[in-house]
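Asker: Using the sequences plus the hints, can you model the full thing?
Residue strings, one per chain:
Protein chains: 4
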Amino acid sequence: MLILMHATASPLEVDAVAAKVRSLGFEPHKMPGAQRIAVAITGNPGPVDPAHFQHMGGVAEAVSISKPFKLASRETHPHDTVISIQTATAAGPSRIGGGIFGIIAGPCAVEGREQTLTAARAVKAAGATFLRGGAFKPRTSPYSFQGTKLDGLKILAEARHETGLPIITEVVDSSHVEQVAEYADVLQIGTRNAQNFALLEAVSQVRKPVLLKRGMSSTIQEFLMAAEYVVKGGNYQVILCERGIRTFEPMTRNTLDLGSIPLIKRLTHLPIVVDPSHATGDSLLVRPMARAALAAGADGIMVDVHPDPDKALCDGPQSLRPEEFAELMTTLRAMAEVLKVSM
Amino acid sequence: MLILMHATASPLEVDAVAAKVRSLGFEPHKMPGAQRIAVAITGNPGPVDPAHFQHMGGVAEAVSISKPFKLASRETHPHDTVISIQTATAAGPSRIGGGIFGIIAGPCAVEGREQTLTAARAVKAAGATFLRGGAFKPRTSPYSFQGTKLDGLKILAEARHETGLPIITEVVDSSHVEQVAEYADVLQIGTRNAQNFALLEAVSQVRKPVLLKRGMSSTIQEFLMAAEYVVKGGNYQVILCERGIRTFEPMTRNTLDLGSIPLIKRLTHLPIVVDPSHATGDSLLVRPMARAALAAGADGIMVDVHPDPDKALCDGPQSLRPEEFAELMTTLRAMAEVLKVSM
Amino acid sequence: MLILMHATASPLEVDAVAAKVRSLGFEPHKMPGAQRIAVAITGNPGPVDPAHFQHMGGVAEAVSISKPFKLASRETHPHDTVISIQTATAAGPSRIGGGIFGIIAGPCAVEGREQTLTAARAVKAAGATFLRGGAFKPRTSPYSFQGTKLDGLKILAEARHETGLPIITEVVDSSHVEQVAEYADVLQIGTRNAQNFALLEAVSQVRKPVLLKRGMSSTIQEFLMAAEYVVKGGNYQVILCERGIRTFEPMTRNTLDLGSIPLIKRLTHLPIVVDPSHATGDSLLVRPMARAALAAGADGIMVDVHPDPDKALCDGPQSLRPEEFAELMTTLRAMAEVLKVSM
Amino acid sequence: MLILMHATASPLEVDAVAAKVRSLGFEPHKMPGAQRIAVAITGNPGPVDPAHFQHMGGVAEAVSISKPFKLASRETHPHDTVISIQTATAAGPSRIGGGIFGIIAGPCAVEGREQTLTAARAVKAAGATFLRGGAFKPRTSPYSFQGTKLDGLKILAEARHETGLPIITEVVDSSHVEQVAEYADVLQIGTRNAQNFALLEAVSQVRKPVLLKRGMSSTIQEFLMAAEYVVKGGNYQVILCERGIRTFEPMTRNTLDLGSIPLIKRLTHLPIVVDPSHATGDSLLVRPMARAALAAGADGIMVDVHPDPDKALCDGPQSLRPEEFAELMTTLRAMAEVLKVSM
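Protein chains in written order, with my numbering: chain A, 1007 to 1349; chain B, 1007 to 1349; chain C, 1007 to 1349; chain D, 1007 to 1349.
The hints are simulated quantities; they were obtained by calculation from the structure and are not laboratory data.
Incorrect hints may appear among the rest.
Identical chains blur together in the list; that is why a pair holds if it fits in one copy or across any two.
As the list claims (entries may be wrong) - When the alpha-carbon atoms are kept at most 30 Å apart in a straight line, the in silico DSBU-like pairs for lysine-lysine are as follows:
1) K1160 to K1026
2) K1036 to K1238
3) K1214 to K1160
4) K1317 to K1076
5) K1036 to K1317
6) K1214 to K1036
7) K1076 to K1155
8) K1026 to K1214
Nothing here was measured: the structure is a model prediction, and the numbers come from that model.
Answerer: See below:
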């Protein structure tokens, strides 16, 4: 925290600011400059709200300078976190992070046994390393399809058994965490729950990795603070997921913020994947954005694949057909070789 | 839903679109225009995703045209909903809506008995009609003060008993709804839970009014859809709350969207109040924005008042002092008379 | 500028930062804190780009702390600037600022003599103090009506002569400044030219006041920097105009940022008016937002009034009819009395 | 344009809407649906403002359905436009579009002869096909370096002569177009002038290609409408440039919208390049975003390269060093081979 005084601030006003710093329990440092004086607080353990100072006499501006996330930061933990999951029927573990590009694919929603198994076999055949599928669906409209719930979880478990792929599925309420964790290998927190702190705390108590989607209006700092909730609770197995942010542009569902990828990798040791399907909402944009995610340095992608997108109950128009997904995988493998990334 | 064809679309392409409409279970209507043909679907019961058509041959654009909220809409229910609550110790009911401007005031967080009772007495004396106070606090950082929880609820109940003011307090997880409803008169859903559908469904089952804050990145339509979740569950007692949206402007915490007020009043019968404290995060902006809310046609305001903002554990810099709140009330009363609003 | 080092930064890294500060021509100040050290530069005459430091070893963050606008700031010039214009045929001057609420009204575009004179008489009769009207129209589509240009300027001059109202009209290119300044009393810079610095410099050389609209994506700081361009050129007669910013909300044309009003009045001595017509694009929202602007502390409003909005060539749907404007004026006068503002 | 009536609209209200359509000079088409009736206008030559209808009795919503850009649209002109420039001293032409990935590189600003020639030689050696460099600089602050102007143009011409690279430089005002066009091979319109229609019209009259940057708050539709201004004036040689949009995220200067690339390529025949330097403002993000641009299907990149970024007068922190640029080029060439793009 730095409190910058006006050029015309009186010594009394500077003293009042210093006294206020002390009254909050911190130590002030006066810094005389050529044109003005500033008062710094650098020893504070947590964040200090700049607003405490902004209306005081002589104060020009109060600026917060500390990074508020700790355990998730690369400063604290310089080495890449790698998520590694071995299912009972797989030959070897599925991995994301530390130079390994993970491929999470599957239907947006688990609609039924046949649809999910068909999708699971297709993505496995094309080289996916994780299976996604939603059993609990958060929907903007109460009149939309709300998911197959427990039945869906059981279908996912069957798909895991058959393909050996670890399953990633969303949990939408703290009261479901136990049940979902019984079936899932990775618990997904959706964008609308990105700041549902009760849910973040609940999943922090589970010994299963968490895939945390960026809130559609979360800053990168808030996104990492949400991860901090999970890590602080004791669960270090967090996969971040960039899935687009809300902007003024109406032609795409969200604006995929790929510039966040190299930035987030600088700030945190946690792996980050990209979901081009939900970011764009348009299957014609999914493959270009999946390729761009790899090129930008992401640790993986998460892609909707549906055996028959036209009949999908949820987000069909953004789903790839199995043959489109296979074609994408071929391109990604060739690119990964050039970019020296493991797949 | 209207599917606009290219000027150059062939009759076969138009037929394919019509067939696709039929395959989704609806009836197509071909509309020949001067330059191009369009295919309309007007009889569909729910929304149809425009993306089903946008990649078909000859299709220029597919536009969704139906309003997705129903029970909350003024089209369905033309008369203003009025929320009216009578506490055991009050002389008469507290009201919001239908031409009555409600005043919700109190501390951001219930920090302790003394602080809350002092605030409650002060806002009652100045003319507030509801007491606000948070016992469960959703905080961006896991290292920030998280609320006094059950103790806080008990303090609020005591403040209600003493002042007769109905209490409004936040519920942050579906598992707490029963407990909070035992104490609160109005259950508040915060901005970060604006699309926590499990929580919306939980409060829809309670026989107490709900104050629903707009998500910081919710469109007006999504805001009304969130209300629709509560109303559809059977709870028609919903108070909407505009509290600022997230924009590119960094100097205010959020951008208060007062233009939404007359628009929302045209679209829905539910009352809408404005929270200038959380919208701006700056006590010097609270009074101007509270006055502007009344002038814009809102049904009430929700204001943070703290006996000693400098010592507040949460959001002190946005809290009014009791004397500032009283001064605001005097101005609002004079304005209300001019604007022919009851207070 | 403050460069905050990591807790683990070595003395050599701190020295390298200090040396870098010196190499840029400034003086470094080392500030030891409880957990980390910071290096401050406070004597720099202009802004220093934080990015110079952000990739250096041991640097956690570099924060810019100086206010970049000077002549427009209240810090430099504490007293309100008042714009006062006396036309040849008026009884007294028209004023904006310093406690006087100015009323700028008239058609969005000067379409013809009859339409403009009718509108001018109507707004004058209802109490407007300035006449607005666009002769040069910046339009998103090259196929839309582009304005009546020189003919329009002459019609405005005739309307001024008849009503005594000073005229405000837009200038869209530096090559037109001389011509527009010959006719106009106030030169308007539109939102799309808010960072057209060549145009800002051109109007800074004119001895006529400038009404500067906020760019639809300008931060408050950028808005004041645009004003600084005009003031730095020697033209202190600047009226700021808040007209809505671009956000994710699609239901209103822009989001009117009324919270900016009290903030801008704290930061600058220049008067600020609100344009509710262009902010909302919807005549039903204009009156509530005009009332809210007065309640928020603005120095005036700028409102589209058209004798027959249904036939307007530009922005008809946001224009008030003369009788709606007169009704608004009645309400504003009653509110101004309560709020102790002169009109 | 489609006007959707309420389910409860009366036949009289429907007739009034039809009459209004006729009064605007168009032909109404009534479309009875299962639940409601709609009135369509499909033969209108230009856009009709939906707001004409939205307050009429019985009207639920009015939706605009026509694409407002024509000459720039792929619907009108299906084949890719290729920009090809041959300078006097080059062995062959430099190209962008139609499957050829163009490389535009050079200093943000022309600061002096030595700096520019050094940068030009370096980017030529590494394989750039165009030289960028700003002589006229639009700067947010009037106190920042404003460019070397005519001297800068002459230095660029010398750099072109020596390297054979065509030069791209910005023009900031209509009064400079003639002078800049005398020196430049491609005229750049910057993001702050993206809706400076006077300038767009001026460059539409020049027989040199135009590189048009997306406005930082332009929707894709507005971006293409700006291109339409240039094309409509007779200049079909337009290169679009995505350079990031303004969002709520503060950690990057802008949010690079790579999802716009495949979308824009679907909508228009004009080539589109990406500027990762101005989009991110951070040299560590430039290479990942340049790679991502190629992977997303862009027709080229535009990158700041400076011989000594630490001493740059403008945007040094976002500039690549020559060796970083050369390393990027090596990677891009390897990726282009895999992606079957010519470089």
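Asker: Would you mind marking each hint as holding or not holding in the structure?
Answerer: Cross-check of the supplied hints:
no.: 1; hint: K1160 to K1026; result: neither (59 Å within a copy, 32 Å between copies)
no.: 2; hint: K1036 to K1238; result: neither (34 Å within a copy, 33 Å between copies)
no.: 3; hint: K1214 to K1160; result: within (18 Å within a copy, 36 Å between copies)
no.: 4; hint: K1317 to K1076; result: between (45 Å within a copy, 26 Å between copies)
no.: 5; hint: K1036 to K1317; result: between (67 Å within a copy, 23 Å between copies)
no.: 6; hint: K1214 to K1036; result: neither (48 Å within a copy, 45 Å between copies)
no.: 7; hint: K1076 to K1155; result: between (35 Å within a copy, 26 Å between copies)
no.: 8; hint: K1026 to K1214; result: neither (45 Å within a copy, 43 Å between copies)
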